[in-house]
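Protein chains: 2
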Amino acid sequence: MGRTEIKDIGEFRLIQRIRDRYSKPSEFVPRGIGDDAASLNFPPNHLLLVTTDTLIEDIHFTLKSTIPYLLGAKSLAVNLSDIAAMGGIPRFFLLSLGIPKGYSISSLDRFYRGVSQLAESQGVFLVGGDLAASSKFIINGVVIGHCPPDQVIYRKGAQPGDYIFVTGPLGDAALGLEILRKRGLRPSDFGANGKTRGKDKELLGIIRRHLSPPARVREGRKIAELACATAMIDISDGLLADLRHLIEESQVGANLWLDQIPRSEAFEKWAPLYHLRPIDLALSGGEDYELLFTAPKEILEDKLSRSREIDLPFYPIGEVTPHSKKLSLWTKEKKGYSPSWLGYDHFRGPPKRSLKKDPQHS
Amino acid sequence: MGRTEIKDIGEFRLIQRIRDRYSKPSEFVPRGIGDDAASLNFPPNHLLLVTTDTLIEDIHFTLKSTIPYLLGAKSLAVNLSDIAAMGGIPRFFLLSLGIPKGYSISSLDRFYRGVSQLAESQGVFLVGGDLAASSKFIINGVVIGHCPPDQVIYRKGAQPGDYIFVTGPLGDAALGLEILRKRGLRPSDFGANGKTRGKDKELLGIIRRHLSPPARVREGRKIAELACATAMIDISDGLLADLRHLIEESQVGANLWLDQIPRSEAFEKWAPLYHLRPIDLALSGGEDYELLFTAPKEILEDKLSRSREIDLPFYPIGEVTPHSKKLSLWTKEKKGYSPSWLGYDHFRGPPKRSLKKDPQHS
Chain A
638 MGRTEIKDIG EFRLIQRIRD RYSKPSEFVP RGIGDDAASL NFPPNHLLLV TTDTLIEDIH
698 FTLKSTIPYL LGAKSLAVNL SDIAAMGGIP RFFLLSLGIP KGYSISSLDR FYRGVSQLAE
758 SQGVFLVGGD LAASSKFIIN GVVIGHCPPD QVIYRKGAQP GDYIFVTGPL GDAALGLEIL
818 RKRGLRPSDF GANGKTRGKD KELLGIIRRH LSPPARVREG RKIAELACAT AMIDISDGLL
878 ADLRHLIEES QVGANLWLDQ IPRSEAFEKW APLYHLRPID LALSGGEDYE LLFTAPKEIL
938 EDKLSRSREI DLPFYPIGEV TPHSKKLSLW TKEKKGYSPS WLGYDHFRGP PKRSLKKDPQ
998 HS
Chain B
638 MGRTEIKDIG EFRLIQRIRD RYSKPSEFVP RGIGDDAASL NFPPNHLLLV TTDTLIEDIH
698 FTLKSTIPYL LGAKSLAVNL SDIAAMGGIP RFFLLSLGIP KGYSISSLDR FYRGVSQLAE
758 SQGVFLVGGD LAASSKFIIN GVVIGHCPPD QVIYRKGAQP GDYIFVTGPL GDAALGLEIL
818 RKRGLRPSDF GANGKTRGKD KELLGIIRRH LSPPARVREG RKIAELACAT AMIDISDGLL
878 ADLRHLIEES QVGANLWLDQ IPRSEAFEKW APLYHLRPID LALSGGEDYE LLFTAPKEIL
938 EDKLSRSREI DLPFYPIGEV TPHSKKLSLW TKEKKGYSPS WLGYDHFRGP PKRSLKKDPQ
998 HS
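Line by line, the protein sequences are chains A and B.
One rule links them: number in this note's numbering = place in the first sequence (from 1) + 637.
One rule links them: number in this note's numbering = place in the second sequence (from 1) + 637.
If you're looking for bench data, these hints aren't it; they were derived computationally from the structure.
Computed from a predicted model, the values in this text were never measured in an experiment.
A hint or two may mislead.
The list treats identical chains as one, so a pair stands whether inside a single copy or across any two.
Listed next, the in silico DSBU-like pairs over lysine-lysine satisfying Cα-Cα at most 35 Å (straight line) [unchecked claim]: (1) K661 with K773; (2) K963 with K773; (3) K661 with K859; (4) K773 with K832; (5) K644 with K793; (6) K738 with K644; (7) K738 with K819; (8) K644 with K773.
Please model the entire structure based on the sequences and the hints provided.
In structure tokens:
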């Protein structure tokens, strides 16, 4: 049996295959793949939440430096993360692909397995999508979720005096990307199911943070249920860029305490070997997909202390200030800090300033 | 003032621009563009309907043979059509674009004007999307709608003895594409707002059917409210391909009466000049976006006669047969007919057979 390619199967048998294998019927899905639109049961009295994200080959990823399973999982995770950042419950997923005609069916199956295993673990149903031939691999994901109206958390709402929290260490994903750029991905690094396989477990763990980010859905729900967060966003563009989005929507300023930003042990060990200013990976690297939220410190601590079952790490990393104060970064020694780059803009790329200052980018 | 390009504005100012101009707040949209996900009010006790379609430059369209306004409108219309084919009410729209960095802001504005004018006329709200740089122009649209559960119409449900109906003439869109291929688009053909401007009104009308298809939302709702259609689909891949989808889902066969397939006057006049077998444009050309549905003939006629306000053309073009009969095509003289091609498959392109038989494709 030779290698079977997409063009050998054709569009309609491919849709049938995806439908049979990865789109199971359920009480939530009267009709999923196989009709003009999916028809879905929606919980009454909830707000509907919808988000979409596109990943394009050679812009967001290269086929050489990931594996299909992890790419599939990531295409769902980045969308789940947006629902998590609203405090919502993700429920339905649509996945549209532009696929090169010579792409293999077995790779596509691994891609969908990556999608469906994450989907199952989160109680999310694949209910539709669109397939087309394309010179580049293009992925568009849509997640639909819901939330009780009194629990939804927006980017706006942060108040001066609130503390700023993150749900986990930052910088690993950006470091993973740096390592991938320099070391490359080796065939022995990951199994077809995305499990790390090589010897360098710690290094591969960092790479994996970039290739298959988490989606803090459980954390987002807990924060929503605690009902004291005033604003929330997920960290996809980078801590600075996303904090800026939050304070702009909330019309406030912020002090950020650099020494309080949580970093993983692996990060502390490997980052200095791959980047001149590790803190800038944590500040501007993006794709960590931790949640960033604001809340009155005492109320949050009080609520946390009274709900014993909650076992969630919240790291305070700064405080909300009045609008006129803008965003300020402070070192442990209470000195102001200017990062060497500010995050990625899709149409401009990394800012020129960083290219000059950081020899590793040249 | 020089020509402003996407890269001069950058991602975040572009999002702000789209939000300010094309995404108005409303009672349905507590929060649209500008957060991690849109939060939306959903009517209680309705089924949620979701569909997505991708248009990729040089696969689905070329920038040379359309104008931004009509491309924008089409990217919404093809999704509205899928909601119409369920009998649903479209309500929300998400639009993700991959845009070449050198694309001009004024073209992008015209694109969004095409989107938003159709959206307004249909009561649909632009609530989100994603923007990325891309070598090709890539459009992914998502429409979310709703429908009372007892009115939704699926592809499955057709019964032997039902008649097969379409809502309008077929073949114009495919003919429009043929004309575009041979004649090309001229700068004088359409104004920036998509209005036909040249002398050849009739010819441009046919081209326009391809560039900016209708979405039969009103017709879909009327069919749903009549509550006698047993199955429905929109004609996007071509009459034969989509009828085949419908009968496969319904596990039935069908007789199609070729002489009953409605064709426009303009089609009858121009098609013979551009295609050897005009009937094959109507059968296999695709993109007409008329609705195809099945219903018991007497009940439909009875209901139509009793609801005077309904002014909708329903053309009977065949009948549903038992599953064993498959799909048969009949001429006026009751002879069987084999079309020269069967419709487009995204990963295989047009079947070889058509390329051999039809010299105009070579």
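Hints, one by one, checked against the model:
1. Taking CA atoms no more than 35 Å apart as the test, K661 paired with K773 passes in both settings, with 29 Å inside one copy and 34 Å between copies.
2. In this assembly of identical chains, K963 and K773 lie within 35 Å of each other by CA distance neither inside one copy nor across copies; the values are 41 Å within and 38 Å between.
3. Proximity of K661 and K859 under a CA criterion of 35 Å is satisfied in both settings, with 28 Å inside one chain copy and 31 Å between copies.
4. Within a single copy, K773 and K832 get their C-alpha atoms as close as 26 Å, and across copies as close as 34 Å, so both meet the 35 Å cut-off.
5. Taking the shortest Cα distances, K644 and K793 sit within 35 Å of each other only across copies (28 Å), while inside one copy they are farther apart (47 Å).
6. For a Cα distance limit of 35 Å, the shortest separation of K738 from K644 qualifies both inside one copy, at 5 Å, and across copies, at 31 Å.
7. Within a single copy, K738 and K819 get their C-alpha atoms as close as 30 Å, and across copies as close as 27 Å, so both meet the 35 Å cut-off.
8. Taking CA atoms no more than 35 Å apart as the test, K644 paired with K773 passes in both settings, with 15 Å inside one copy and 21 Å between copies.
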